[in-house]
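Asks: The listed protein sequences correspond, in order, to chains A and B. Under the numbering used here, think of the first position of the first sequence as 1, with each following residue one higher. Under the numbering used here, think of the first position of the second sequence as 1, with each following residue one higher.
Hints may be right or wrong, so weigh each one.
Note that identical chains are pooled: a pair holds if it fits in a single copy or bridges any two copies.
[To be verified] Pairs of lysine-lysine, DSS-like flavour, derived with a Cα cap of 27 Å:
1. Lys254 with Lys301
2. Lys254 with Lys231
3. Lys263 with Lys301
4. Lys231 with Lys48
These are calculated hints, taken from the structure and not from any lab test. Quick caveat: nothing in here was measured; it's all calculated off a predicted structure.
2 protein chains.
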Amino acid sequence: MDLEKTNRTELSELGEFGLIDLLTRNISLENKSSLYGVGDDAAVIDNKGRLTLVSTDLLVEGVHFDLSYTPLRHLGYKAAVANISDIVAMNGIARQLLVGLSVSNRFPVEALEELYAGIRQACKVYHVDLVGGDTTSSVRGLFLSVTIVGEVDPDEVVYRHTAHENDLVCVSGDLGGAYMGLLLLEREKAAFQGDPNLQPDLEGFDYILERQLKPEPRTDIIRLLKEAHVKPTAMIDISDGLGSEILHICSGSKLGCRIYEDKIPIDPTTINMAGVFGISPWTAALNGGEDYELLFTIDQKDFEKARSIPGISIIGHMTELSQGANLVTGDEQLVEITAQGWNALRRNLKLINIVPNSKFRI
Amino acid sequence: MDLEKTNRTELSELGEFGLIDLLTRNISLENKSSLYGVGDDAAVIDNKGRLTLVSTDLLVEGVHFDLSYTPLRHLGYKAAVANISDIVAMNGIARQLLVGLSVSNRFPVEALEELYAGIRQACKVYHVDLVGGDTTSSVRGLFLSVTIVGEVDPDEVVYRHTAHENDLVCVSGDLGGAYMGLLLLEREKAAFQGDPNLQPDLEGFDYILERQLKPEPRTDIIRLLKEAHVKPTAMIDISDGLGSEILHICSGSKLGCRIYEDKIPIDPTTINMAGVFGISPWTAALNGGEDYELLFTIDQKDFEKARSIPGISIIGHMTELSQGANLVTGDEQLVEITAQGWNALRRNLKLINIVPNSKFRI
Numbered sequence: 001m002d003l004e005k006t007n008r009t010e011l012s013e014l015g016e017f018g019l020i021d022l023l024t025r026n027i028s029l030e031n032k033s034s035l036y037g038v039g040d041d042a043a044v045i046d047n048k049g050r051l052t053l054v055s056t057d058l059l060v061e062g063v064h065f066d067l068s069y070t071p072l073r074h075l076g077y078k079a080a081v082a083n084i085s086d087i088v089a090m091n092g093i094a095r096q097l098l099v100g101l102s103v104s105n106r107f108p109v110e111a112l113e114e115l116y117a118g119i120r121q122a123c124k125v126y127h128v129d130l131v132g133g134d135t136t137s138s139v140r141g142l143f144l145s146v147t148i149v150g151e152v153d154p155d156e157v158v159y160r161h162t163a164h165e166n167d168l169v170c171v172s173g174d175l176g177g178a179y180m181g182l183l184l185l186e187r188e189k190a191a192f193q194g195d196p197n198l199q200p201d202l203e204g205f206d207y208i209l210e211r212q213l214k215p216e217p218r219t220d221i222i223r224l225l226k227e228a229h230v231k232p233t234a235m236i237d238i239s240d241g242l243g244s245e246i247l248h249i250c251s252g253s254k255l256g257c258r259i260y261e262d263k264i265p266i267d268p269t270t271i272n273m274a275g276v277f278g279i280s281p282w283t284a285a286l287n288g289g290e291d292y293e294l295l296f297t298i299d300q301k302d303f304e305k306a307r308s309i310p311g312i313s314i315i316g317h318m319t320e321l322s323q324g325a326n327l328v329t330g331d332e333q334l335v336e337i338t339a340q341g342w343n344a345l346r347r348n349l350k351l352i353n354i355v356p357n358s359k360f361r362i
Numbered sequence: 001m002d003l004e005k006t007n008r009t010e011l012s013e014l015g016e017f018g019l020i021d022l023l024t025r026n027i028s029l030e031n032k033s034s035l036y037g038v039g040d041d042a043a044v045i046d047n048k049g050r051l052t053l054v055s056t057d058l059l060v061e062g063v064h065f066d067l068s069y070t071p072l073r074h075l076g077y078k079a080a081v082a083n084i085s086d087i088v089a090m091n092g093i094a095r096q097l098l099v100g101l102s103v104s105n106r107f108p109v110e111a112l113e114e115l116y117a118g119i120r121q122a123c124k125v126y127h128v129d130l131v132g133g134d135t136t137s138s139v140r141g142l143f144l145s146v147t148i149v150g151e152v153d154p155d156e157v158v159y160r161h162t163a164h165e166n167d168l169v170c171v172s173g174d175l176g177g178a179y180m181g182l183l184l185l186e187r188e189k190a191a192f193q194g195d196p197n198l199q200p201d202l203e204g205f206d207y208i209l210e211r212q213l214k215p216e217p218r219t220d221i222i223r224l225l226k227e228a229h230v231k232p233t234a235m236i237d238i239s240d241g242l243g244s245e246i247l248h249i250c251s252g253s254k255l256g257c258r259i260y261e262d263k264i265p266i267d268p269t270t271i272n273m274a275g276v277f278g279i280s281p282w283t284a285a286l287n288g289g290e291d292y293e294l295l296f297t298i299d300q301k302d303f304e305k306a307r308s309i310p311g312i313s314i315i316g317h318m319t320e321l322s323q324g325a326n327l328v329t330g331d332e333q334l335v336e337i338t339a340q341g342w343n344a345l346r347r348n349l350k351l352i353n354i355v356p357n358s359k360f361r362i
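Could you put together the complete structure from these sequences and hints?
Replies: Set out below in structure tokens:
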């Protein structure tokens with residue numbers, strides 16, 4: 001088709017989620033083994049009882065990462081982690097990983113070895129086997145596709161669309177840190193561009209930098225929940241921000257929710273840095289993304305058990321659909337939670353090759 | 001790392017296969033379910049007896065396809081087919097497919113619908129379920145990653161590395177056509193650039209154009225082999241050309257081979273077009289790629305059975321390693337078969353948006 005002459009609907013008119021809906025509408029599953037397709041953190045495939053989970057992600061230079069401050073080793077590690085996190089979000093165990101790599105000849109072999117070193121390190125830490133992939137050239141830039149395969153028992157799998165009214169909404173760890181780390185790195189990059197002799201001023205911000213550059217999937221939370229005999233009723237990992245993710249659970253489960261702003265866990269470093277940048281730390285938590293924490297719902301009967309697990313915050317509850325998805329602010333105002341999505345498009349970082357100065361050697 | 005200052009080994013020094021070897025060396029598999037990792041058409045995962053096959057491919061605009069003469073619907077169809085073919089090459093059945101799509105805002109929504117229409121059509125024809133994916137933006141161009149999941153019984157799976165000395169080498173269909181189709185399309189594109197009023201001269205070349213624009217995986221050959229009770233001893237699909245693929249079987253099986261030039265099946269249209277371009281049709285067959293035919297070895301005892309299957313040519317046999325991998329030319333000269341690889345890099349098409357004029361509406 002001619003890209004110029006046909007009816008033209010801009011991608012930005014639809015947004016990421018609208019586009020996905022459009023492209024995947026009316027898909028019917030033909031094979032008995034295809035238990036669950038598009039619309040969760042991973043596809044679910046039945047293998048005579050044991051379920052296989054499969055998920056794939058694309059990471060694009062200048063959109064998802066900026067090599068001027070993202071060391072390739074960290075990029076590889078984070079790419080693997082983001083995918084492992086998708087399996088964790090299904091309450092599963094990640095087992096195998098495949099890597100598709102497309103690079104221009106700007107990259108020497110040594111750079112790709114660094115990238116793979118990071119991927120392999122994440123695989124080692126999380127007991128995942130690197131079992132395949134594809135390597136090709138690109139006209140420009142680096143593209144990385146990661147596919148993860150995991151497994152889970154049928155009675156253990158947790159979807160997004162299975163929350164119930166009055167379930168409690170929980171989140172692991174703290175939110176917004178990865179986004180503040182990104183803003184800090186971008187500020188220092190801009191300063192460096194203004195004066196190349198300037199040394200990056202990253203002292204005291206280790207925590208948010210590590211949140212951005214070296215996130216970890218919350219396999220520990222999955223284990224703690226199992227040990228406490230708490231099975232989430234719905235779950236998703238936070239890659240796009242709390243706001244987007246809770247809306248996925250709401251729309252999937254055909255429910256509303258009420259999230260209490262003052263219950264959202266935010267680290268002091270994140271709050272401080274948000275103050276420096278003059279933005280609300282709750283904005284960072286709701287829309288920042290890349291924290292790779294788990295957002296999940298539990299039955300109210302599990303309240304005491306969940307409360308006793310370290311690193312879990314109860315931040316709200318599910319309501320009936322007609323009540324909508326709302327944030328209750330500190331002064332008890334109700335604010336509708338809206339989808340951001342297409343974060344990758346909004347970010348769209350410009351690439352410049354400067355020496356990264358990360359302290360988080362992995 | 002600094003891409004400029006460190007020791008720099010150019011990608012072209014290693015080549016595609018050297019790079020893959022380097023990046024995946026010393027990978028040990030930790031999970032019991034990881035039966036076979038890097039080095040075949042798909043990874044093999046054990047699910048309590050039944051094997052899951054997973055493979056992933058990246059397709060890059062300007063490298064693997066040129067949208068000036070590849071309709072997006074065909075691109076989607078071909079991307080799915082190339083991956084289904086990887087499962088076929090393991091003697092398996094493709095079941096699920098995941099699509100990663102990265103596009104710049106040059107593409108309207110309608111273009112992506114066309115692309116998906118092609119993917120979905122291939123899924124329908126080959127009974128594969130589209131179960132997931134990722135959609136994101138790119139700074140420039142279109143990147144497509146396709147991951148395929150299939151299944152096979154443990155006693156049916158066929159690897160690349162399991163050929164035996166004296167096994168017969170077989171190939172399905174005919175070779176070189178897809179490459180000649182590509183050369184024809186590029187010639188017409190160049191003519192169009194010289195004179196935009198010129199109509200493409202594609203009359204009489206339907207066969208090679210279809211080989212390039214709408215290849216099909218050889219699920220029929222797998223079925224015929226099963227019906228004839230012939231299980232290949234080793235198998236691979238021809239994506240990079242007969243030369244590269246037979247070398248994969250040789251190196252995996254630690255054997256040599258002897259391939260007879262005059263036994264290689266080549267369609268008359270391919271031969272005619274090769275004459276027009278002044279290249280040897282055998283060069284097209286050996287190095288052209290994208291035919292998605294099956295290259296496989298069989299035990300000599302299966303000779304009569306294999307010979308009776310339509311669409312299979314016996315083109316040579318496996319030898320001991322020390323004899324090397326050789327082509328026996330029409331005048332009985334021995335020519336060493338050498339790896340081409342990194343075809344994608346060599347091609348590196350330049351993108352221009354003109355209206356494709358394909359007759360192969362799918």
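Asks: Of the numbered hints stated previously, which ones are contradicted by the structure, given in increasing order?
Replies: none
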